Every structure is written in C-alpha cells, then in structure tokens.
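Q: Here is what each chain is made of, one letter per residue.
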Amino acid sequence: MGRDGIAGLFCLVTSLGLFAATIGLPEATLLVPVGPGFYPRIVLGITAVLSVALVVNDLVARRRSAAAGPAQPDVNYPLVLLTFSVFGVYVAILPYLGFRISTFIFVAAMQALLDPPRNGRRWLLMATVALATTVVTYYVFETFLLVLLPRGRWTDF
Amino acid sequence: MYELLLTGIENILEFKYLAPLFIGTLVGVFGGALPGITNTMTVIMVLPFTFGLEPLQGLAAMIGVYVGGESGGLITSTLLGIPGKPSSIATMFDGFPMSKKGEPGRALWLGIWASFFGGLLGGIFLIGTTGPLAAIALEFGPWEYFALFIFALSMVAGLTGASITKGLLAGAIGLVVTIMGNDPVMGAPRLTLGMGFLDGGIPFLPVLIGVFAFAQIMSDVEKMGGTRSDATSGFSAPKLVVSHLKVVWEILSRPFLLLWASFIGVLIGVLPAIGGSAANVMAYDQAKKFSRHPERFGTGTPEGIIAAEASNNSNVGGSLVTIMAFGIPGDAVTAVMLGALTIHGIQPGPLFISQHHTLAYGIFAAYIVAHFLMILIMFVGVRWFMRVITVPKAILFPVILVLCVIGAYALSNTMTNVYVLLLFGIVGYAMVKGGLPLAPLILGVILGDQIEINLIRAIMTDSNPWLFLTRPISGGLLVLSVASVVFALWQHRRHHRRHPPSAEDNVDF
Numbered sequence: 001m002g003r004d005g006i007a008g009l010f011c012l013v014t015s016l017g018l019f020a021a022t023i024g025l026p027e028a029t030l031l032v033p034v035g036p037g038f039y040p041r042i043v044l045g046i047t048a049v050l051s052v053a054l055v056v057n058d059l060v061a062r063r064r065s066a067a068a069g070p071a072q073p074d075v076n077y078p079l080v081l082l083t084f085s086v087f088g089v090y091v092a093i094l095p096y097l098g099f100r101i102s103t104f105i106f107v108a109a110m111q112a113l114l115d116p117p118r119n120g121r122r123w124l125l126m127a128t129v130a131l132a133t134t135v136v137t138y139y140v141f142e143t144f145l146l147v148l149l150p151r152g153r154w155t156d157f
Numbered sequence: 158m159y160e161l162l163l164t165g166i167e168n169i170l171e172f173k174y175l176a177p178l179f180i181g182t183l184v185g186v187f188g189g190a191l192p193g194i195t196n197t198m199t200v201i202m203v204l205p206f207t208f209g210l211e212p213l214q215g216l217a218a219m220i221g222v223y224v225g226g227e228s229g230g231l232i233t234s235t236l237l238g239i240p241g242k243p244s245s246i247a248t249m250f251d252g253f254p255m256s257k258k259g260e261p262g263r264a265l266w267l268g269i270w271a272s273f274f275g276g277l278l279g280g281i282f283l284i285g286t287t288g289p290l291a292a293i294a295l296e297f298g299p300w301e302y303f304a305l306f307i308f309a310l311s312m313v314a315g316l317t318g319a320s321i322t323k324g325l326l327a328g329a330i331g332l333v334v335t336i337m338g339n340d341p342v343m344g345a346p347r348l349t350l351g352m353g354f355l356d357g358g359i360p361f362l363p364v365l366i367g368v369f370a371f372a373q374i375m376s377d378v379e380k381m382g383g384t385r386s387d388a389t390s391g392f393s394a395p396k397l398v399v400s401h402l403k404v405v406w407e408i409l410s411r412p413f414l415l416l417w418a419s420f421i422g423v424l425i426g427v428l429p430a431i432g433g434s435a436a437n438v439m440a441y442d443q444a445k446k447f448s449r450h451p452e453r454f455g456t457g458t459p460e461g462i463i464a465a466e467a468s469n470n471s472n473v474g475g476s477l478v479t480i481m482a483f484g485i486p487g488d489a490v491t492a493v494m495l496g497a498l499t500i501h502g503i504q505p506g507p508l509f510i511s512q513h514h515t516l517a518y519g520i521f522a523a524y525i526v527a528h529f530l531m532i533l534i535m536f537v538g539v540r541w542f543m544r545v546i547t548v549p550k551a552i553l554f555p556v557i558l559v560l561c562v563i564g565a566y567a568l569s570n571t572m573t574n575v576y577v578l579l580l581f582g583i584v585g586y587a588m589v590k591g592g593l594p595l596a597p598l599i600l601g602v603i604l605g606d607q608i609e610i611n612l613i614r615a616i617m618t619d620s621n622p623w624l625f626l627t628r629p630i631s632g633g634l635l636v637l638s639v640a641s642v643v644f645a646l647w648q649h650r651r652h653h654r655r656h657p658p659s660a661e662d663n664v665d666f
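Chains A and B are the protein sequences, given in the same order.
First residue of the first sequence: 1, per this note's numbering; consecutive thereafter.
First residue of the second sequence: 158, per this note's numbering; consecutive thereafter.
In short, the hints are calculated from the structure, not lab data.
A hint or two may mislead.
[To be verified] In silico lysine to any residue, SDA-like type, Cα no more than 20 Å apart, as pairs:
| hint | chain 1 | residue 1 | chain 2 | residue 2 |
| --- | --- | --- | --- | --- |
| 1 | B | K380 | A | D115 |
| 2 | B | K173 | A | L81 |
| 3 | B | K380 | A | L81 |
| 4 | B | K550 | A | V75 |
| 5 | B | K590 | A | V140 |
All of these numbers come straight from a predicted model, not from anything done at the bench.
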C-alpha cells in the first residue's frame with residue numbers, strides 16, 4: 001500500500017472511532033428536531049466514505065502501474081524530526097521558564113540545528129539573534145501592544 | 158457610496174491608520190521578495206501585532222501586507238530569476254529574460270506599474286460589487302447559506318490539488334475539526350474524548366497558523382542540511398534607471414490586455430481558496446493565446462510581465478469581495494483577516510458592510526492607498542529588497558515560529574492554543590506528505606460551524622428536506638456544487654491521462 005492508502009486508512013479508522021463516540025450523545029428534543037450527534041454522523045460518514053475511496057484509488061492505481069514510482073527527492077527527515085522536537089520542547093518549557101528564557105533558548109537552539117555555527121563569529125551572531133528576538137518581541141508586545149506573554153511558573157520571569 | 162469612500166480615504170490618511178498600513182506594505186514587499194515566504198506566512202507573522210490595535214488599524218496592516226506581498230514577489234523574479242512566491246512564477250517567464258537582455262529597470266517597473274494598475278482595477282471591482290452582492294446575500298435563508306458554503310467547499314476541493322478525492326477528504330477533515338466541543342445549537346458536549354480543553358471546541362486561528370506555518374517551514378527544512386546553495390553568489394546590483402512615463406505608456410497602450418488580465422485575477426480571487434498563483438499563470442497563458450506574437454513569450458516580452466502582475470494584484474480585490482459580502486475567505490490570507498475580525502467581535506458577512514460601514518469603507522480605502530504606498534516603497538527601497546534573499550532561513554524560521562507562538566498564545570492568554578498550534582503543525586506537515594491539500598481543510602474549519610448552524614436552522618424552520626433542492630437559489634447552488642465536483646473529476650482524469658502524477662503533486666499552501 002502506498003502513501004495515499006496509508007493516509008486513507010488512518011482517516012478511515014479515525015472517522016469510524018469518532019463515529020462510535022457519537023452513539024451515546026443525547027437524542028432530539030421537541031425544540032430541536034435533531035440531536036447533537038446528527039451533523040457529526042453525516043460529516044464522519046462522508047469522511048469514512050472518502051477515506052475508503054482514497055484507499056481503493058491507491059490500490060487500483062498501484063495495480064495499474066506496476067512500474068516503480070517516481071523518484072523521491074532528497075529529503076532530510078531527521079532534521080524535520082529534530083526541528084519538531086526542539087519546537088515541542090520550547091512549547092513544553094514555556095509555562096515553566098517563561099517567555100523570555102525559553103524564547104532565547106529556542107531561537108538559539110533552532111539556529112544551531114539548522115545551520116551549525118562553525119566559528120566564534122557565528123556563535124556570537126547566533127546569540128545576538130536569539131537575544132534580539134527575545135528582547136524586541138517582549139518589548140513590542142508587552143509595552144506597545146499590551147499583549148501579555150507567559151511568565152515562568154518556576155522562574156516567575 | 159463615493160462620499161463614504163472619500164471619508165474612508167480621509168480616515169486612512171490619519172497617522173494612526175497610515176502608519177500600520179505603511180509598515181504592513183513594507184513588511185509585505187519584504188516578505189514577498191523573500192523566496193519561499195508566502196503572503197500567508199507574512200500575514201500570519203503580522204497577526205499577533207494587530208491584537209492590541211483597533212480593528213481598522215489591524216486590517217490596514219494586513220491589507221498592506223497583502224498588496225505589498227503581491228508586488229514584492231516580482232523583484233527577485235525579474236532581477237534574479239528566483240520567484241519570491243508562487244504568484245510571481247509567471248512574472249519570471251518574461252521578466253528575467255528581459256533583465257538578462259540588459260533592461261532590468263524596464264522589466265521591474267513594468268511589473269510594478271502593472272501591479273499598480275491591476276490592483277486599482279481590482280479595487281474598482283471590490284468597491285462596486287461588494288455592496289450589491291451583500292444585498293443579495295441578505296435575502297438568503299438558512300437553506301441558501303448552507304448551499305453556498307457547500308458550494309464553496311466543493312469548489313475548493315475540486316480546484317486545489319491534483320486529486321478530487323483528496324481535496325474532498327481534506328475539506329471533510331476540516332469539518333471534523335469543528336464537530337469537536339459543544340454543539341452550537343443545544344450546547345451539549347460532544348466528541349471531547351475526555352480532554353477538558355476540547356470543551357469549547359478547537360479555535361480556527363491556531364489551526365490555520367499551525368497548518369500553514371509548519372507545512373511551509375518543514376517543507377523547506379527537509380531540503381536543508383545538504384550542500385549550501387548560495388543564491389547570491391556573484392550578485393551585483395543592476396542598473397534600474399528607467400523612464401517611468403515610457404513604462405506607464407507601455408502598459409496603458411495595451412488596455413485590453415490590462416483589463417483582461419485584471420478580470421482573470423478578480424475572477425480567480427472571488428473563487429474561494431485559490432489565489433494569486435493560479436491567476437498569475439492563467440493570465441499569462443491567456444495573454445499568450447491572445448497575442449499576435451505568441452512566439453515572443455518567454456523571451457522577455459512586456460505583455461507577459463503586464464498580464465502576470467496585473468492579475469495577481471487584482472486577485473486581492475476579488476478575494477476581499479467574497480469575505481466582505483459572504484464571510485467566505487477567498488484565500489488563506491483573507492482567512493487570517495477573518496480571524497483578526499472575529500477577535501474584535503466582528504463577523505464578516507452580508508451584514509458587515511451595513512453594520513460596520515466605517516470599517517468596510519476603511520478597508521476599501523486602505524486597499525487603494527496601499528497601492529500608492531507600494532509604489533513609493535519601491536521607488537525608495539527596491540535596491541534593498543533585492544538583497545533580502547541573503548537573509549538565512551536558519552535565522553528567519555525560529556523568529557517566525559516565535560511569532561506564531563505569540564499569535565496563538567495571545568488569542569486567549571492560555572497555553573491551550575499553543576498546544577493546538579503544535580498539534581496542527583504536525584497535522585499540516587503530515588497532510589503535505591500525504592498529498593492532501595491544505596486550503597480545503599482550512600475552509601472546512603472556518604465554515605464547519607456555519608454549515609451545521611444553517612442546516613439545523615433550516616430543519617427547525619421546516620422539516621421538509623426537499624426544500625434544499627426546491628428553493629431556487631439553494632437548489633441551484635447545490636446543483637453547481639455537484640457540477641463542480643463532476644467537472645473537476647473530468648478535468649483530473651484528462652490531466653492524468655496527459656501527465657502521470659508525480660511524487661510532489663498536490664502540495665498546496
């Protein structure tokens with residue numbers, strides 16, 4: 001099974017699972033002739049049918065073209081995974097360390113990940129960008145735009 | 158109408174509105190010139206800055222980004238042969254060859270002035286049609302609204318991506334997002350899966366920010382880490398001196414081309430969720446078909462540049478019409494604008510222009526004034542914008558992500574929206590890798606609640622389901638929905654017979 005088939009199967013399982021979860025919902029009342037499960041069941045039913053169509057299309061297309069699929073371009077998935085991980089850590093530490101500390105760490109870490117510094121000048125640039133981003137965003141949002149940014153539970157900063 | 162427009166222009170020329178409009182246009186031109194940074198991304202970055210502003214200040218900034226972005230993309234397209242964004246790809250076809258022939262100033266300013274005139278023609282359409290269309294929509298009952306939203310969704314599903322099944326499935330996934338949380342009629346909790354934060358439903362802005370920001374950033378990140386490509390190696394600033402009168406005459410002496418390209422742009426803009434990139438290519442293609450010398454296209458002919466640039470700026474006017482008259486975003490940028498309006502408690506739709514006419518005419522005025530600001534910014538800073546491609550993505554991406562986090566957090570000052578942002582960032586990237594288009598997903602998320610509310614309202618008013626088909630407008634729209642899906646199916650089959658699908662098909666931001 002190819003990319004489309006897997007995506008279709010995932011959507012099918014999710015929609016059927018959610019469909020099952022609509023079963024216990026309250027039924028229609030005199031005032032509202034349809035219950036809260038009416039519309040979700042239609043949407044999930046349509047999603048399930050489309051998912052099946054995607055799986056079938058994939059299987060049919062694969063049977064028709066037995067030849068090897070198009071060449072995949074060079075993709076750096078480990079870097080994508082690491083980028084998501086660094087962002088995940090940023091989101092996780094934000095409520096504990098606060099906006100200023102975690103943003104500084106995040107911006108520095110992301111730069112180091114995407115373009116590792118090779119000399120002292122680049123390390124300095126990386127730290128400067130991280131500091132400037134933190135200071136400018138904090139100052140602009142908190143002072144000028146009156147948008148409150150997260151304070152750290154551990155640091156109170 | 159014109160008195161209101163003049164008042165709107167007077168308003169927008171006040172410093173407190175002019176400043177965000179100018180900054181927005183400047184940021185838009187900058188973002189537009191940056192290869193790989195779309196208008197959607199730029200407007201997402203600007204979004205958190207608008208939270209603390211008045212609605213018109215915030216919208217002026219966003220309209221500036223939109224107009225500036227459509228024009229900014231042509232700088233790197235014409236001078237360096239690197240499209241700043243998808244909607245300036247066709248500009249490159251003739252702009253870059255003209256530059257290489259030793260006329261970089263002519264190529265650039267043909268594009269800039271064509272953007273200006275195309276944009277103003279789009280503005281005439283915007284101002285002239287929004288009111289009458291909204292008046293028609295005011296006559297709609299829940300049946301018609303339901304049918305209109307279904308039509309919008311089916312059109313988008315058919316028009317984006319290379320597979321109609323994937324387009325429809327992406328739209329359906331968007332609708333699934335909206336059924337989680339309290340139901341909009343009885344307020345009964347449903348499908349919260351025991352997670353407290355889902356009680357209030359999933360807000361659409363963090364979904365939109367997450368999906369678009371991560372889909373784009375990660376698609377770039379996955380190509381990084383290999384050999385470093387230095388796009389600016391050997392870069393030297395070309396001479397851009399040109400006679401502006403001559404260039405303007407070159408454009409205005411082709412009135413049919415300008416009008417036709419602008420008309421295509423407006424039309425594509427009105428259609429939900431397909432934006433400037435389609436307009437740009439389609440107008441170029443049309444200009445080539447109508448030309449007496451089609452063989453000159455691709456070698457640096459002015460017609461190619463004029464058609465491509467006039468269409469992508471007039472497209473902005475068309476996109477603004479659908480959001481202001483019907484509350485349906487014409488593309489991802491107007492979807493963010495819709496979010497910005499709802500943050501201030503304003504619901505775009507047929508009542509918008511009558512209930513908030515100062516704001517509506519302020520938007521029209523901002524759109525027109527932004528074009529003059531764009532010209533001014535280009536006069537002063539075009540040499541600077543050529544150098545934006547030297548900004549490393551390793552610096553740009555973390556800054557963008559920090560702004561995304563601020564945007565999501567500041568919506569309700571809770572971390573919940575940031576978690577939603579991360580979750581849908583993963584979903585967005587997974588959808589790109591799965592070949593599912595993003596535009597139908599977003600439209601589904603935006604329209605889902607309204608589809609349900611109007612469906613239930615219609616049933617509560619009259620339980621006869623045939624009314625959806627027997628009421629002329631509702632029936633007509635539903636027939637058009639089916640027709641658009643059938644047409645898309647036919648078109649996809651024809652396309653697949655001619656061009657077998659490739660691995661990177663269907664990737665759409």
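Q: Each of the hints needs a verdict: does it hold here or not?
A: Okay, the hints, checked on the actual structure:
no., hint, verdict
1, B:K380 - A:D115, "holds, 12 Å"
2, B:K173 - A:L81, "violated, 43 Å"
3, B:K380 - A:L81, "holds, 13 Å"
4, B:K550 - A:V75, "holds, 17 Å"
5, B:K590 - A:V140, "violated, 36 Å"
Figure legend: structure checked against the earlier numbered hints; hints not met, in rising order: 2 and 5.
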